[in-house]
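Here is how the chains run, residue by residue.
There are 2 protein chains.
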Amino acid sequence: MNITYIQEGETDTLSLKRSLDTGTEEQRQIVQRIIQEVRKNGDEAVRSFTKQFDGVFVEDPLVTEDEIAKAYERLEPEMIQIIQTAIRHIRTYHERQLTSSWFYHQQDGSMLGQKVTPLDAVGVYVPGGTAAYPSSVLMNVIPALVAGVERIVLVTPPGKDGCLSDAVLVAAKELGISEMYKMGGAQAIAALAYGTDNIQPVDKITGPGNIYVALAKREVFGQVDIDMIAGPSEIAVLADETALAHEVAADLLSQAEHDALASSILVTPSKTLAEKVQAEVQAQLDTLPRKSIAAQSIQDHGRIYVTESIDRAVDVVNQLAPEHLEVLTAYPESFLGQIKHAGAIFLGRYSPEPVGDYFAGPNHVLPTNGTARFSSPLGVTDFQKKTSIISYSQEAFETHRESIAAFARLEGLEAHARSIEARKREESK
Amino acid sequence: MNITYIQEGETDTLSLKRSLDTGTEEQRQIVQRIIQEVRKNGDEAVRSFTKQFDGVFVEDPLVTEDEIAKAYERLEPEMIQIIQTAIRHIRTYHERQLTSSWFYHQQDGSMLGQKVTPLDAVGVYVPGGTAAYPSSVLMNVIPALVAGVERIVLVTPPGKDGCLSDAVLVAAKELGISEMYKMGGAQAIAALAYGTDNIQPVDKITGPGNIYVALAKREVFGQVDIDMIAGPSEIAVLADETALAHEVAADLLSQAEHDALASSILVTPSKTLAEKVQAEVQAQLDTLPRKSIAAQSIQDHGRIYVTESIDRAVDVVNQLAPEHLEVLTAYPESFLGQIKHAGAIFLGRYSPEPVGDYFAGPNHVLPTNGTARFSSPLGVTDFQKKTSIISYSQEAFETHRESIAAFARLEGLEAHARSIEARKREESK
Chain A
1 MNITYIQEGE TDTLSLKRSL DTGTEEQRQI VQRIIQEVRK NGDEAVRSFT
51 KQFDGVFVED PLVTEDEIAK AYERLEPEMI QIIQTAIRHI RTYHERQLTS
101 SWFYHQQDGS MLGQKVTPLD AVGVYVPGGT AAYPSSVLMN VIPALVAGVE
151 RIVLVTPPGK DGCLSDAVLV AAKELGISEM YKMGGAQAIA ALAYGTDNIQ
201 PVDKITGPGN IYVALAKREV FGQVDIDMIA GPSEIAVLAD ETALAHEVAA
251 DLLSQAEHDA LASSILVTPS KTLAEKVQAE VQAQLDTLPR KSIAAQSIQD
301 HGRIYVTESI DRAVDVVNQL APEHLEVLTA YPESFLGQIK HAGAIFLGRY
351 SPEPVGDYFA GPNHVLPTNG TARFSSPLGV TDFQKKTSII SYSQEAFETH
401 RESIAAFARL EGLEAHARSI EARKREESK
Chain B
1 MNITYIQEGE TDTLSLKRSL DTGTEEQRQI VQRIIQEVRK NGDEAVRSFT
51 KQFDGVFVED PLVTEDEIAK AYERLEPEMI QIIQTAIRHI RTYHERQLTS
101 SWFYHQQDGS MLGQKVTPLD AVGVYVPGGT AAYPSSVLMN VIPALVAGVE
151 RIVLVTPPGK DGCLSDAVLV AAKELGISEM YKMGGAQAIA ALAYGTDNIQ
201 PVDKITGPGN IYVALAKREV FGQVDIDMIA GPSEIAVLAD ETALAHEVAA
251 DLLSQAEHDA LASSILVTPS KTLAEKVQAE VQAQLDTLPR KSIAAQSIQD
301 HGRIYVTESI DRAVDVVNQL APEHLEVLTA YPESFLGQIK HAGAIFLGRY
351 SPEPVGDYFA GPNHVLPTNG TARFSSPLGV TDFQKKTSII SYSQEAFETH
401 RESIAAFARL EGLEAHARSI EARKREESK
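Quick mapping for you: the protein sequence lines, in order, are chains A and B. Okay, so the first sequence: first residue is 1 according to UniProt numbering, each after it adds one. Okay, so the second sequence: first residue is 1 according to UniProt numbering, each after it adds one.
Chain A with its partners taken away, still in its complex shape (with noise of 0.2 Å):
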C-alpha cells in the first residue's frame, strides 16, 4: 500500500472515479436478444433461459411455501434472531425517512400541494450462487415496505440443484414478502419489466447483480425505473494519530476483500500511523480467506495519503466523495460540518463500516464512483413519488388572470392565453 506525501493544491487531480464496466458489444447484444425472447415468449422464454444460465429446469419459478418451510429448517435459529435484530434496526432508520403530502390555503381561498404516493409494485433482484447476501433483501425492500409499496416482487437465481439461500427465503420471509421468482439474470429483469403470463411487470426494480443484470436494468430503464448502478465499493478512513493501526488495516481490508475493482483509502495527517498501519496491512493480509481478492484490490487501488493537517486530510476526503468514511479521530463528531460528500459517515472507533453494512439500521446502498458529490442512499424516497396539486379558487384566478396570460404571450404561447381567457365567458354561458 503505497504513501503518497499530498501538498497544498495538489486536491484537485485525485479522484475514485473510474469509468463503470458498460460490458462488451457482445454482452449487450445478448441481453438485448433476451429481453426480446422474454417479451416475445414470456414464462416460456424466461424458463429455457435458467436451463441455459443456471443449468436447471424449473417449471415454476414461483418459490412455494415448503421451499421456505425448509429454509426456516435449516438456518440456526441464532441467524433467524439476528436478522430479526437487523430488521428492526433497519426499519426504525428507514421509518424516519417516511415524508407525507402537505396542502397549504392562501387568503385567496386557492390551495397548492405536495401528494405523496408510494409505487404500485417494485422487484428486488437479489444474486445467488456463492455471494448469497440476505443483507441485499434488507436493505431493498424494508425502504419499499415503509414508503408503502404494495406490491413487492423479489427475484434470486437458483442454485444448480434449483434452490435458494436458506438466509435469503428467511430474511425475505421476515419481512412478510410472499412473491419470491427462482430467476435471474438478464431474464429476471425483462420478466419483471414488462410481464409474463404468470408474473405482472412492476414500476421500478433495484438491487445487485453481475454485469447482465446491470445491463438489463440499463436497457429497460424508462419502461420502469431503476436504482443506480453501482460501481466498486470504496472506503475511505480519515484520520488523526489517535487511531489505531490495526483497527484501520482492518477495516481498510474488510473493504478490500469485496472486490478486486475496490478502493480502501487512509487519508491521514499523521506519517506514523501511515507507516503503521502500511505494515498492519500486510500482515493482515497474509491470514485472511478471500487473501487474493484483497491483495489485489490493496494492490492496485489502496492508498494512503498524508497530508499537511486534518483539514487538509478533509479537503481530501471531500474531493474523493467516498462511499464509505470512517472517521478516526479524537473527535470524530466535530468534522459532521466539514464533510461534505460522503454516502454514509462512520464515527469513532465503535462504529467500523461493518456495523453499518448489515445491521445498524441505514441503508448500505450507497452511491460509489464519486458521485456522493450529487447522489444519496437507498431510501424510502425512492419508493415514493409525488404529485403537485394546483386548485385556483375564483378570487385567486380572477386577481391574476391577466398576469398569466401576459406570461404565456411573453413566451409566445397564444392557446395557452387564450385558454385563461376561455373562462371569461362563463357569466354568458
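FYI, nobody ran anything at the bench for these hints, they're computed from the structure. Keep in mind that the hints are not guaranteed to be accurate.
Since the list gives no way to pick out one identical chain from another, each pair is judged satisfied if it fits inside one copy or across any two copies.
[To be verified] The list that follows gives simulated cross-link-like pairs (lysine-lysine, DSSO-like), each with its CA atoms no further than 30 Å apart: (1) Lys424 with Lys271; (2) Lys17 with Lys424; (3) Lys291 with Lys340; (4) Lys70 with Lys173; (5) Lys115 with Lys17; (6) Lys40 with Lys17; (7) Lys271 with Lys291; (8) Lys17 with Lys271; (9) Lys276 with Lys424; (10) Lys17 with Lys276; (11) Lys424 with Lys291; (12) Lys17 with Lys291; (13) Lys173 with Lys17; (14) Lys173 with Lys340; (15) Lys424 with Lys51; (16) Lys51 with Lys160.
Remember, predicted model here, so these are calculated numbers, not experimental data.
Following the hints, complete the assembly by docking chain B onto the known chain A.
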C-alpha cells in the same frame, strides 16, 4: 379528434408511452465529437462551435452587467413585475419542500442520522432562439436556490446577433444569478460537465434542450448528475357533464400548441360533453397562431375516451399516468384519493394548466411518457443529497459485536468480521 368508447377491462391497453427520441447514429457521433473537442480544447472549442452552430463569434461568453442592464431597459416594466410575482409564488411553494438533517440517539448511547447537504454547483440549460422561456429559468433555478446550492450557472445559446432573450436575462438577474454564459448545444453541456479554463465544472445539469442537448446530457451522465430527459408534453382532462366544453377544448389546445408530438386527452363518462368538446376543438383550432402545430398534435395524439362511469374514467387516468391532469368535475377534490399517477393535478375550472405552468408555484418540470408512475416533479430535493451518519457507542458495539460478526460470516465476508473483532484488542493496547 376521435372519440373512443372504452369498455370495462379495456383500460390496460391504453398508454402514453412512446419511444423517446434517442437521435440518429450521426447525431450521437456529432455530440461525442463535440464533447471530446471541448474536453481537449476547452474555451477555444466552445468559441469555435458557437461560431459554427449559432453563427456568431463570442470572444468571452460571460454575460456582462451591461447586457443585463440593457435587458431591463427593453423589457416592459409590467412584465418585470409579473416575473417578480411568479418568483414569489414559486419560491413560497418550493420552500415547503425543504428537508432537514435529522439525528436520533438510542438508549445505548449510539446515534444515527441523515445529513442533508445542497449540491455544490449546478448548471441550468435554457434554450434560446425563437422559444425563449423565462419560466424555464424560474423552474430550474428556484428549487436549486431554495436547496442552498451556492453556485448556480446559467447557459443559453446566443442569437445570431450575439444577444440573449431579455426576459431570460431579467428572470436570472431577479434570482441573483451572476454567472451566465452565452453558449448552447452539446458544447455548453460539455463545458459544464468537464470545465474549461474559464468555467469551473458543476455537479448537476438540468433544463430542457434540443436533441443535441439531450444526447449530450445522456453522455455526461455519471460525470455529473442530470435531470430527467423529458418526452413530449401531455395533458389529460378528467371531466363530467358539468364541465364547459369550450374551456375543456381551450385547455386541450394549450397543450397541443407546444409540439406536434404533444398529447391532449379527454376522459369522460359524458357522451354529450365528448361530442361538444370535439366540435369546440375544431372551431378553436382555426383561430390559433400556432394552428399547424396544434392541428397535427390533435390529429396524431389527441383522444377522447368515453367510459361507462366516472370511476372507470379515473382508472383510465391512472393507467395513462399523465404529466398534467385537469379535474373538471362537480367536486374535483373528491378524486384526490383515487388518482394515483399524475405529474401535477389541476383541480377545478379556475385551475387551467397555464395557471401552474409558470405562476401558481409548483414546478412545471414534470414526469412525461407515463413515468408519473414512478417519477416526481423537479423539486428542492433534486438539488440536495443525503449522507447516512452512524455513531455507535462502546455499549452498543459490545452488545451487538457477535451478531454483526456472525452476519458477516453468514455472507462469507471474513474480513468484515475481523474488522469488528479487531476492536477486542483494545484492552491490551
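Against the structure, the hints:
no., hint, verdict
1, Lys424 with Lys271, "between (77 Å within a copy, 25 Å between copies)"
2, Lys17 with Lys424, "neither (58 Å within a copy, 35 Å between copies)"
3, Lys291 with Lys340, "neither (33 Å within a copy, 51 Å between copies)"
4, Lys70 with Lys173, "within (12 Å within a copy, 67 Å between copies)"
5, Lys115 with Lys17, "between (37 Å within a copy, 23 Å between copies)"
6, Lys40 with Lys17, "between (39 Å within a copy, 19 Å between copies)"
7, Lys271 with Lys291, "within (26 Å within a copy, 73 Å between copies)"
8, Lys17 with Lys271, "within (26 Å within a copy, 59 Å between copies)"
9, Lys276 with Lys424, "between (80 Å within a copy, 19 Å between copies)"
10, Lys17 with Lys276, "within (27 Å within a copy, 59 Å between copies)"
11, Lys424 with Lys291, "between (77 Å within a copy, 22 Å between copies)"
12, Lys17 with Lys291, "within (25 Å within a copy, 50 Å between copies)"
13, Lys173 with Lys17, "neither (38 Å within a copy, 35 Å between copies)"
14, Lys173 with Lys340, "between (38 Å within a copy, 28 Å between copies)"
15, Lys424 with Lys51, "neither (67 Å within a copy, 47 Å between copies)"
16, Lys51 with Lys160, "within (9 Å within a copy, 62 Å between copies)"
Of the hints listed earlier, those the structure fails to meet are numbers 2, 3, 13 and 15, in rising order.
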